[in-house]
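Following the numbering used here, the numbering of the sequence shown begins with 2 at its first residue and continues without gaps.
Accuracy of the hints is not assured; some may be wrong.
[What the hints assert, rightly or not] Pairwise CB distance ranges, derived in the manner of DEER restraints:
1) I65 - A172: 39 to 49 Å
2) L6 - F166: 45 to 55 Å
3) L80 - G284: 44 to 54 Å
4) A72 - T148: 13 to 23 Å
5) D221 - L280: 16 to 26 Å
6) G138 - L42: 31 to 41 Å
7) L80 - F247: 22 to 32 Å
8) R281 - G138: 47 to 57 Å
9) A172 - S46: 42 to 52 Å
10) A244 - G44: 24 to 34 Å
11) L280 - L42: 22 to 32 Å
12) T148 - C262: 23 to 33 Å
13) G284 - G138: 54 to 64 Å
14) L42 - H118: 36 to 46 Å
Simulated from the structure, these hints should not be mistaken for laboratory data. Backbone N, C-alpha and C define an ideal beta-carbon position, used for all residues, glycine too.
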Amino acid sequence: MNASLLDLALSPFGYDYMRNAILGAAAVGAMCGLLSCFVVLRGWSLLGDALSHAVVPGVVLAAILGAPYLAGAAVAALLTVGGVALVGRSPVLKSDAVVGVVFTTFFAAGLLLVSIHPTNLRVTTILLGNLLGIAEGDLLQVYGVATLCLVVIGLKWRDLVAVSFDAAHAASIGLRPGFWRAVLLGLLSLACVAALQAVGALLVAAMLIAPGATAYLLTDRFGRMLVLSPLLGGAGAFLGAYASFFLDGAVGGCIVLLQTCLFLLVWLAAPKHGALARLRRTGKTGEAPA
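Take these sequences, add in the hints, and give me the full structure.
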C-alpha cells in the first residue's frame, strides 16, 4: 500500500513534460518571488502588471523576425518605460492612468500582431501560458534569467534598496539612481518573459506580487524578505504545477491559486502582522480594531 502511494506521488516525475513543467515553474516562482520584494515595497504592483502585458508585442515581433524572445521583450519594456515617462510629464494625468493607458496599448498591439502575422505563438499561449509544452531550450532560458536575477540582486541588493527608497540619498553617496532603476526594470522585464511561458500575461502580475506580500507579513527586515519571498514563490509554483497533474487543470491557475491561498493563510495567522494577532492585541488594549 505504501509503495503504491509512493508510486502515485512520484508519477508526475515519470513524464518528461511534467518534470520540465514542475522544475520550470519552481525556477520562475523563485525568480518572481525575489523581484516581488522590490515590487511590493516600492509600490510597483501596477508597473509590474504593465510590464507583464507590455512585453507581449516585443515577444511577438521577436517570434516573427526569428530573434530571441528576451531581446524583443527588453526593447518593448524600454519603450514602455519611456512612454510612461513621456506621457507622465502631463501635470493633469495621474501616474496610474498613464501606466494603464500605455500598457493596454502595448498589449493590444501585441494581440493585433499575433493575429495578423501567424507565428508559432498563439493568443491563448500568450494569455494563459503553456508550461506543459516548455522545450529544453526555453527551460535553459528560464534558468539563465533566474540565475542572472539571483546574481545581480545577491550582489547589489543594498544599492537597489537605496536607489528604490531614497534616490537623493543614493546619489549623494555616489550611486547612479537612473542606472540601477533601469537594471531593476530590465530584470522585471526578463522575468515577465520567462513567466509568460508559465502562467501567461494575465497571471504574471500575481506571481510578482503574492510572494513578496506574503513575506512582508512574516518579517520586518528586507534581508530576510529576500530569502523568504523566493522560497515561498518557488515552493508555491512547484506545488501548484505538481497538483495540476492530479487535478488535470490549468498549471498557471493552480500555481496562482495556491500562492494566493498561502497569502491568505499568512494574512490570517502571521505571528505579528496577521489578522488574529491584531485582534489579540486590540483585545488586550481595549481599542477597536482598525
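Hint-by-hint comparison with the structure:
The supplied range of 39 to 49 Å is met by I65 and A172, whose beta-carbon atoms lie about 41 Å from each other. Hint check: L6 to F166, Cβ distance near 49 Å, so the stated range 45 to 55 Å holds. For the hinted restraint 44 to 54 Å between L80 and G284, the CB-CB distance of approximately 53 Å keeps it satisfied. In this structure the hint that A72 and T148 lie 13 to 23 Å apart at CB holds, the actual value being about 18 Å.
Between D221 and L280 the Cβ separation comes to about 20 Å, which falls inside the hinted range of 16 to 26 Å. For G138 and L42, the Cβ-Cβ distance of about 34 Å falls inside the hinted range of 31 to 41 Å, so the restraint holds. A hinted range of 22 to 32 Å is violated for the C-beta pair L80 and F247, which are about 42 Å apart. Between R281 and G138 the C-beta distance comes to about 52 Å, which sits within the given range of 47 to 57 Å.
With their beta carbons about 25 Å apart, A172 and S46 fall outside the hinted range of 42 to 52 Å. A C-beta distance of roughly 32 Å is found between A244 and G44, which places it inside the suggested range of 24 to 34 Å. The hinted range of 22 to 32 Å is satisfied by L280 and L42, whose Cβ atoms lie roughly 25 Å apart. In this structure the supplied range 23 to 33 Å holds for T148 paired with C262, their Cβ-Cβ distance being about 29 Å.
A C-beta distance of roughly 57 Å is found between G284 and G138, which places it inside the suggested range of 54 to 64 Å. Taking 36 to 46 Å as the suggested C-beta distance range, the pair L42 and H118 conforms, at roughly 39 Å.
Going through the hint list in order, the structure does not satisfy hints 7, 9.
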